[in-house]
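Produce the complete structure using the sequences and hints provided.
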Amino acid sequence: MRFAFTDDQIAFRDAVRELLEKECTPAHVREAWTNATGRIPGLWEKLTDMGVVGMLAPEARGGLELTMVDLVLILEETGRCAAPEPIVETAAFGVPLLERADRTVATARTLVPWADTADVIVTEAGRFERDAVELVARPSVDGARRLFEVRGTPAPVDGDAIAAAFDRAVVGTAAQQCGLAQRMLDMTVEYTKERRQFGVPIGSFQAVKHHLANARIALEFARPLVYRAAATLDPVHASMAKYKADEAALMTARAALQCHGAIGYTTEYDLHLYMKRSWALARSMGDGRLHRSRVGAAIL
Amino acid sequence: MRFAFTDDQIAFRDAVRELLEKECTPAHVREAWTNATGRIPGLWEKLTDMGVVGMLAPEARGGLELTMVDLVLILEETGRCAAPEPIVETAAFGVPLLERADRTVATARTLVPWADTADVIVTEAGRFERDAVELVARPSVDGARRLFEVRGTPAPVDGDAIAAAFDRAVVGTAAQQCGLAQRMLDMTVEYTKERRQFGVPIGSFQAVKHHLANARIALEFARPLVYRAAATLDPVHASMAKYKADEAALMTARAALQCHGAIGYTTEYDLHLYMKRSWALARSMGDGRLHRSRVGAAIL
Amino acid sequence: MDLSFSPEENTFRAECRAWLEVNVPRPALPSGDTRAGFTAHLEWERALFEARLAVVSWPQEFGGRDASLWEWLIFEEEYYRAGAPQRVTQNGIFLLAPTIFEFGTPEQQARVLPKMASGEQTWCQGWSEPNAGSDLAAIQSRAARDDAVGGWRLSGQKTWTTRGAFCTHLFGLFRSDPDAERHHGLTYFLVDLASAGVTVRGVERLDGDEGFAEVFLDDVFVADADVLGEPNQGWAVAMATTGSERGLTLRSPGRFLATAQRLIDLYHSRGDDPQLRDRVVAAYIDAEAYRWQTFWTVTRAVEGVRAGAESSMVKVFWSELDVRLHELALDLLGPHAELLDGDTGAWMKGYEFALAGPIYAGTNEIQRNVIAERVLGMPRR
Amino acid sequence: MDLSFSPEENTFRAECRAWLEVNVPRPALPSGDTRAGFTAHLEWERALFEARLAVVSWPQEFGGRDASLWEWLIFEEEYYRAGAPQRVTQNGIFLLAPTIFEFGTPEQQARVLPKMASGEQTWCQGWSEPNAGSDLAAIQSRAARDDAVGGWRLSGQKTWTTRGAFCTHLFGLFRSDPDAERHHGLTYFLVDLASAGVTVRGVERLDGDEGFAEVFLDDVFVADADVLGEPNQGWAVAMATTGSERGLTLRSPGRFLATAQRLIDLYHSRGDDPQLRDRVVAAYIDAEAYRWQTFWTVTRAVEGVRAGAESSMVKVFWSELDVRLHELALDLLGPHAELLDGDTGAWMKGYEFALAGPIYAGTNEIQRNVIAERVLGMPRR
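Chains as they are written, first to last, in our numbering: chain A, 1 to 300; chain B, 1 to 300; chain C, 1 to 381; chain D, 1 to 381.
Wrong hints could be hidden among the right ones.
List of simulated lysine to any residue pairs, SDA-like, C-alpha gap at most 20 Å [as the list claims (entries may be wrong)]:
#1 A:Lys193 <-> A:Glu124
#2 A:Lys193 <-> C:Ala132
#3 A:Lys193 <-> D:Arg380
#4 D:Lys349 <-> B:Arg138
#5 B:Lys193 <-> C:Arg381
#6 A:Lys193 <-> C:Asp135
#7 D:Lys349 <-> B:Ala137
#8 D:Lys115 <-> D:Gly64
#9 C:Lys115 <-> C:Val149
#10 A:Lys193 <-> C:Asn131
#11 A:Lys193 <-> C:Ser134
#12 D:Lys349 <-> B:Lys22
#13 C:Lys349 <-> A:Ile263
#14 C:Lys349 <-> C:Arg381
#15 C:Lys349 <-> A:Arg254
#16 D:Lys115 <-> D:Gly63
#17 B:Lys193 <-> A:Gln206
#18 A:Lys193 <-> D:Glu373
#19 B:Lys193 <-> D:Ala132
#20 C:Lys115 <-> C:Asp192
#21 B:Lys22 <-> B:Asp49
#22 D:Lys349 <-> D:Glu327
#23 C:Lys349 <-> A:Trp33
#24 C:Lys349 <-> C:Leu29
#25 C:Lys349 <-> C:Glu204
Bear in mind the hints are in silico, worked out from the structure with no lab data behind them.
Structural data, given as structure tokens:
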């Protein structure tokens with residue numbers, strides 16, 4: 001038993017973090033709220049060049065032939081910076097399904113984010129090629145998640161392969177929630193150290209401390225379930241991971257907003273970029289009901 | 001609309017409180033834990049003399065011919081002192097059912113408290129006379145609640161009358177929970193004002209304040225539902241009252257123990273007398289599941 | 001104990017219901033926290049005023065109908081039941097007006113109240129500052145006496161001013177005695193936002209609406225007639241308003257009962273869901289609890305008992321109930337929760353709106369301190 | 001990342017499982033927190049010791065088998081899975097022993113550890129005092145130097161001493177420098193409770209068992225050989241023990257997984273209940289989360305990373321999970337929850353026991369302060 005990442009995995013994660021801290025700042029995410037694509041121009045190419053997009057593809061098809069354990073840490077980073085890219089959908093879901101790294105994939109059970117910029121779209125109904133679908137835009141609370149209803153005639157897909165791809169996407173989304181929770185927690189700790197009221201930093205008040213301690217505890221006990229699920233790829237483990245990671249992210253979002261007060265309630269401040277992503281992801285790739293049901297069916 | 005008690009009702013309540021503060025002290029309740037009956041010798045007679053037991057009976061049968069609105073305040077007091085007496089069972093359930101005030105009644109859906117000292121026992125199976133039952137004692141966590149399985153051949157009872165009696169008992173139990181919550185809250189506020197750690201009263205710590213503020217809020221919003229149900233005697237209103245009163249009592253018990261720390265965890269200290277009663281009552285006269293189901297059936 | 005409404009009250013309820021049924025705008029107005037929406041809302045509020053339903057509990061001379069607290073509650077229940085729009089005049093009507101009734105001169109009452117009721121003048125609250133949020137007594141904006149012209153000159157910055165970008169007037173606290181500290185030496189002013197020296201900058205809220213504003217004041221002249229209460233007594237004057245904001249008048253039970261009912265409708269539209277059923281039931285019970293606690297409080301108010309720190313309990317309860325109701329709706333909506341359009345998009349907007357509740361008018365952390373210290377008598381420190 | 005156990009570890013697991021299957025007392029022993037139960041438990045612990053399973057992670061010379069942390073975890077999982085009794089020796093083994101391994105002299109290790117492992121000597125913790133609960137540094141019990149006999153004389157009162165009425169020895173902190181304040185000037189002593197001047201009074205706990213004691217010390221002589229670590233350095237010595245109590249060694253995941261499994265069995269025995277189903281699922285997931293967080297921590301420990309304030313997160317999580325698991329069982333039991341007898345009476349007893357978790361070893365309020373200040377780096381004040 002060794003439940004930890006290798007030095008290589010950590011080093012790769014750090015390199016991706018370094019890239020994203022430069023290329024996916026809050027200012028970049030804001031741009032994606034208003035530009036034509038809802039994505040950050042050039043970022044996908046940089047991620048592709050680093051090998052992130054094709055981590056799970058065979059070497060012969062341009063990939064790194066790595067595993068979900070390698071990928072999960074990277075996806076956590078894409079959550080931490082709220083990367084507005086179909087990276088879970090492509091790297092975790094689509095690449096191993098298609099066994100190639102050169103096509104961008106969008107997927108969801110119903111409303112598909114970034115469907116307009118993907119090469120392939122997969123929904124419960126089946127698989128759609130980009131030029132054979134009609135897309136109807138729908139507005140998400142997260143302005144950088146461009147959502148679409150997908151209309152067209154799908155090609156059938158192999159159910160087992162889709163199910164396995166879905167479980168990887170569940171784990172990937174859970175990892176993003178952990179990254180988002182970490183970001184919101186970090187921002188809030190910093191803010192409460194600086195912000196003074198009643199003559200002291202508000203972070204010295206016990207109520208504020210306990211809000212953030214609770215968020216930290218939730219994250220501490222969500223992450224291992226995510227890493228475990230990445231290693232086993234067991235559907236029930238994936239559901240446990242998503243359920244706890246959603247809980248941690250939603251709890252942290254609430255605590256973060258409450259500890260910020262009014263400034264967190266403005267869109268001029270960055271918190272909302274992460275908070276809204278966490279709200280959306282909590283109901284994507286299966287919401288709490290779905291995942292609790294899957295676990296319940298297995299254990300009860 | 002006047003949603004308040006009359007001066008007379010308050011005066012009666014105060015008189016009963018005065019009696020109980022003398023005759024139903026923690027020391028009396030402790031005695032009931034170890035004596036033969038689980039009751040306080042002489043207290044029932046004093047309550048009867050004051051008219052409490054027969055409040056809902058017709059004057060012609062020795063009662064005061066009052067209403068559940070009058071009684072609910074009194075039952076709250078019997079909760080406040082954790083009176084180990086079948087007062088809800090007799091005054092709210094049995095007296096109006098039998099239309100007489102001179103027989104002590106014990107009742108429950110399954111395990112019947114104080115069945116051995118009652119004249120009449122009513123369960124879901126029907127009505128039992130005292131001398132025609134076999135009683136099997138079962139130990140409750142609340143040592144002053146003597147529980148019994150009841151065996152014998154019951155006489156049938158009128159279903160509608162039993163249903164109405166049950167709803168009154170639900171409201172009465174909810175009122176007792178409010179009284180218990182108030183007692184536990186009062187004890188804990190006093191303790192946290194006196195107890196010093198780190199050079200200050202522990203009641204000055206924000207975490208302690210917030211625990212008790214939450215308990216106080218829960219009680220504030222439970223009580224009006226109890227009083228409303230006493231006035232309307234609507235089964236759905238009774239269920240709402242019990243659900244919120246149980247929630248307030250259980251939350252207060254948790255907060256009270258946590259704020260006391262180790263001393264609250266000993267039986268030498270009085271808190272456990274009230275805490276254990278609240279645990280037992282929360283699952284008596286219908287537990288949360290039953291009452292949520294009744295409300296759900298009405299509103300959904 | 002009498003839980004019935006009188007025949008007169010029932011007649012009043014019928015009148016409100018009938019009028020609202022005909023007049024409530026369909027489809028719903030755009031958000032009142034946008035410039036276009038604000039104007040549309042003012043039209044609606046004008047109609048309400050003309051039906052003498054804008055401020056039912058006020059005296060007739062100011063545009064009301066001297067309604068009792070019970071009638072006010074009835075009006076509110078009907079208003080929310082009808083799905084009528086949020087009131088963009090509410091910060092004036094609910095926060096400033098009670099203070100004017102209590103502290104205003106007859107001249108101020110006659111000048112301010114009718115135009116407030118009709119929506120001709122709209123009021124925003126200028127309390128918070130960049131360094132005075134939860135800690136309101138840390139106000140730094142200054143009021144300098146100008147004896148030459150018989151008035152005051154205001155300078156400083158107010159922030160998080162709800163609908164400040166659209167309102168015509170601001171009420172706020174300014175430090176008139178520079179040597180006094182904390183809650184001493186403050187004065188309560190009524191400020192025309194068209195005055196020279198005022199700059200207003202809209203700030204976008206969580207929900208994308210320009211619902212906040214920063215208000216910059218640079219040597220803005222205010223006449224003595226626009227001081228509410230005595231100079232340097234602003235804190236005491238303002239605290240009366242605080243009671244209103246936290247307590248009864250701002251959040252009528254009708255609002256949460258209406259939300260709970262919409263939640264039940266949503267639940268039905270999705271098909272029975274045993275996982276979420278209990279939470280719907282619990283939320284509905286909480287809305288009922290809020291209603292009956294209000295009736296309890298109103299009865300005492302009618303009999304002359306003034307709510308004190310108890311209003312902090314009310315504020316914590318309704319604000320957290322509102323969040324719970326909306327969270328539950330989002331959980332019912334599942335993958336559609338993030339949508340802002342369609343039949344259900346209002347739930348996410350409503351959730352964002354609800355999240356402000358535990359923050360404004362004194363954070364719920366501050367309120368819980370107040371409950372512990374002033375209701376329970378626990379030591380301050 | 002390798003989530004499999006080695007063949008040797010699996011063999012060890014099989015050995016534990018087989019031995020426990022044969023040897024775990026049936027029916028279950030009476031509570032170890034009663035005098036009769038304590039004696040029965042010591043017999044069981046003796047059998048465990050003779051099978052070399054009492055202290056698997058200790059060196060062989062002291063009665064262990066030099067097991068790795070992973071093997072210790074495996075043993076614990078099997079121990080709880082088999083429904084084996086709570087360890088009445090645990091406060092010695094889990095709280096004192098790590099400190100003796102770190103600070104004890106070879107003589108102390110040889111004298112204390114084997115008898116602790118065999119249950120011949122049983123240890124209780126003497127830290128809390130009437131005025132030093134959460135505020136441990138407020139300890140007032142005194143240790144006066146007695147140079148004439150080469151030792152110390154202890155006086156004062158210890159309280160909430162778990163199983164103090166039955167144990168043979170006490171480890172505790174005493175103020176050896178009367179001029180030093182707070183956590184300075186304390187010394188860590190090992191005290192034989194049979195010494196002259198010791199009076200022990202049992203105190204009944206919530207669950208009716210005499211599980212607590214007050215220990216009065218009146219001029220009790222303790223030799224220099226029974227000082228653990230350096231005189232006046234008791235705080236630093238004790239903090240090592242605190243880490244153990246809060247952290248890994250006291251609450252192995254096996255305990256909560258076993259409770260969660262019993263909860264599932266209870267759920268099935270009552271028939272499917274859609275109202276409570278989700279809470280059972282959530283509780284089970286939490287027990288799994290606790291297990292995997294432990295594996296994560298153990299991996300780091302094996303690689304030499306020592307847990308610091310992180311152990312406070314563990315303590316808050318397991319103690320509140322334990323309460324949740326038992327509350328849920330009581331809700332499943334409904335009207336039978338209050339019973340202390342029968343198949344299900346253990347749940348109420350277990351609930352009472354669980355309620356101590358958020359209080360002892362530093363209340364969860366204190367732990368959350370520690371998490372905020374030392375894990376998150378928030379300001380102390």
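Now the hints, each set against the structure:
1. A:Lys193 <-> A:Glu124: 47 Å, violated
2. A:Lys193 <-> C:Ala132: Status holds; Cα separation ~16 Å.
3. A:Lys193 <-> D:Arg380: Cα-Cα ~10 Å, so holds.
4. D:Lys349 <-> B:Arg138: Given pair lysine 349 of chain D, arginine 138 of chain B holds - Cα atoms ~15 Å apart, limit 20 Å.
5. B:Lys193 <-> C:Arg381: 10 Å, holds
6. A:Lys193 <-> C:Asp135: Cα-Cα ~16 Å, so holds.
7. D:Lys349 <-> B:Ala137: At roughly 19 Å apart (the allowed maximum being 20 Å), alanine 137 of chain B and lysine 349 of chain D satisfy the hint.
8. D:Lys115 <-> D:Gly64: Holds - the C-alpha atoms of glycine 64 of chain D and lysine 115 of chain D are around 12 Å apart, at most 20 Å.
9. C:Lys115 <-> C:Val149: Distance of about 26 Å is beyond 20 Å: violated.
10. A:Lys193 <-> C:Asn131: 14 Å, holds
11. A:Lys193 <-> C:Ser134: It holds: about 16 Å lies between the C-alpha atoms, which stays within 20 Å.
12. D:Lys349 <-> B:Lys22: Between lysine 349 of chain D and lysine 22 of chain B the Cα gap is close to 32 Å, so the pair fails against 20 Å, i.e. violated.
13. C:Lys349 <-> A:Ile263: Holds, at roughly 18 Å.
14. C:Lys349 <-> C:Arg381: 40 Å, violated
15. C:Lys349 <-> A:Arg254: Holds. Lysine 349 of chain C to arginine 254 of chain A sits at ~16 Å (cutoff 20 Å).
16. D:Lys115 <-> D:Gly63: 9 Å, holds
17. B:Lys193 <-> A:Gln206: Cα-Cα ~18 Å, so holds.
18. A:Lys193 <-> D:Glu373: Measuring from Cα to Cα gives roughly 11 Å; hence the hint holds.
19. B:Lys193 <-> D:Ala132: 16 Å, holds
20. C:Lys115 <-> C:Asp192: Given pair lysine 115 of chain C, aspartate 192 of chain C holds - Cα atoms ~13 Å apart, limit 20 Å.
21. B:Lys22 <-> B:Asp49: Distance of about 16 Å is within 20 Å: holds.
22. D:Lys349 <-> D:Glu327: 11 Å, holds
23. C:Lys349 <-> A:Trp33: 17 Å, holds
24. C:Lys349 <-> C:Leu29: 14 Å, holds
25. C:Lys349 <-> C:Glu204: 14 Å, holds
The earlier numbered hints that this structure contradicts are 1, 9, 12 and 14.
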